[in-house]
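Asks: Here's the letter readout for the chains.
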Amino acid sequence: MYDSEEHSSLARFIGKSMRDVYKFRFALRNFVVNQLRTRYRKSFLGFLWSLLNPLMFMVVLAVVFATAFKQDMRTYGIYIFSGLIPWLFISQSILAGGQVFINAEGFLKKVYVPKLLFPLALVLTETVNFFFSLVGLYIFALALGSPLRWTMALLPLVILITFLFNLGCVIIIGIGTIYFRDLSHITVIVFQALFYLVPIIYQIDMFPESARKLFYLNPFYYFINLFRVVIYGQPAMTWADWLIPLGLALGILLLGLIVLKLRDREIVYRL
Amino acid sequence: MSARISIQNASLRFQIFTNPTPTLKEAALNLVLRRPRVTHSRDFYALKDINLNFEGGQRVGIIGLNGAGKSTLLKMIVGIYAPQTGRIEVQGRVTPMIEIGTGFDVELTGRENIYVNGAILGFSPQEMARREKEIIDFSELEQFMDVPVKYYSSGMYGRLAFSIATMTNPEILLVDEIFSAGDAHFVEKGSRRMKEMMHSSQLVLYVSHSLQHITELCNHVVVLHHGQVVNQGDPNEMVAYYMNTIVNAGNL
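Residue numbers (this note's numbering), protein chains in the order written: chain L, 1 to 271; chain H, 1 to 252.
Keep in mind the hints are simulated off the structure, nothing from the lab.
In silico DSS-like links for lysine-lysine, alpha-carbon gap of 27 Å or less:
no., chain 1, residue 1, chain 2, residue 2
1, L, Lys109, H, Lys48
2, H, Lys150, H, Lys133
3, L, Lys109, L, Lys23
4, L, Lys261, L, Lys110
5, L, Lys110, L, Lys23
6, H, Lys150, L, Lys109
7, L, Lys16, L, Lys110
8, L, Lys261, L, Lys109
9, H, Lys195, H, Lys133
10, L, Lys23, H, Lys133
11, H, Lys133, H, Lys189
12, L, Lys261, L, Lys16
13, H, Lys189, L, Lys110
14, L, Lys23, L, Lys261
15, L, Lys70, L, Lys213
16, H, Lys150, L, Lys110
17, H, Lys48, L, Lys261
18, H, Lys189, H, Lys150
19, L, Lys110, H, Lys48
20, H, Lys195, L, Lys110
21, L, Lys16, L, Lys109
Some chain L residues well away from chain H (every beta-carbon gap over 12 Å; in silico):
no., residue
22, Arg212
23, Tyr216
24, Leu217
Computed footprint of chain L on chain H, listed as stretches where at least three residues anywhere in the stretch have a Cβ under 8 Å from a Cβ of chain L:
no., segment
25, 22-35
26, 85-99
Don't be surprised by glycine CBs; every beta carbon is placed ideally from N, CA and C.
Model the full assembly from the supplied sequences, consistent with the hints where possible.
Replies: What follows is the structure, encoded as structure tokens:
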């Protein structure tokens, strides 16, 4: 049953999108599996590359900044790890997200596939990838002496919240890039700058109280913070650590769905 | 539930942009330098005020010159292009055979692509597993099943795609001319398969330039010209109308 009027309200649009995604769940699974497979099959080390890259990054950062800030290399290594991991998860999803609809042109113009499926497949792929590197890197962190905390049991929930946030961001940036093709270049630059604006390599309490407020304006901060609370165990967990990122994630996702509803029919004409 | 397609006052407009890939840099510069925005676009109506109603049991042929809007009409029914005005309602499971071989991942093998393509048509891996043998047999590509599709010839590609597309039992079948690839043997075999499908489907929309096929297969014909329905009715009458008033009279 297809009715071109089914877009009339946001609630109906979301309902239709949900039903469509369910209907195309096998296609979704195929997209994810094939993306992972092509990513890993092409090189001999395969999956190890996706582990080595952040690992080397982490080691370099730990060595350089622990020396510069005169910190204990181990504690500092784990601190960086707990911030870098979610940062890579978010930034890689969003950076890949710019091309999500443009790369799907072959599908969108030739068969009926719900548009939501492509951002969903991308973010799911990144999530699986993230999960693997999390496990791999955590073994490394354990070797550095990071204790196993009970709060780590909350990680699936943290990943879910970040997943929703990423999905919302990818929808928005994916649609934006259709209208402004250079948006993906701009995102790369913005994320390079953002990397230094979120407390990954430094600690927020190195700054005076007045300057800290600026960090709270950055939505990415709250996701890094949530991962840090759960993995690193500091600062102590509060409800705000959970409710702010959850609110942000749901807000961005809703915004993404609104943008998608507004542009859903136009996308195919603009590719 | 019987298959049904209802199109009310549907118009479909393509915008042709002089600058198809705008950038934020340009937009920003235009704003700063106070230049007028240069996103000139030309509107082109691919379909205009279409009113059509089809019901189960009809085998509808759609004829018209190149660019009359035949393929666009099928794509609109599938849901690829939404009309800017008007409404379409489609009841029943649609199998499009419009552009065959879309949704192939060329890096994957023929066998893997059976599942990929099936998933896009909405079939589970279990359902595809049951049909796998039939598909392979029909395509006659048994020995190439584990070779990546990128090494296929265009004929082999077409055969596999056609075999996957025709293994469903659709309620509504949309067919655009599809026998561009394949040798005489496969075209013959494919035509037979098509006719079988047309008889088992409740509602068929068939686009073709072969007027002979149209009169043979269809029981209702729609004539499209410049995106509008100019006439519809009995196949023989419509084919005669099309020949006299459009093809021979030099485009109305």
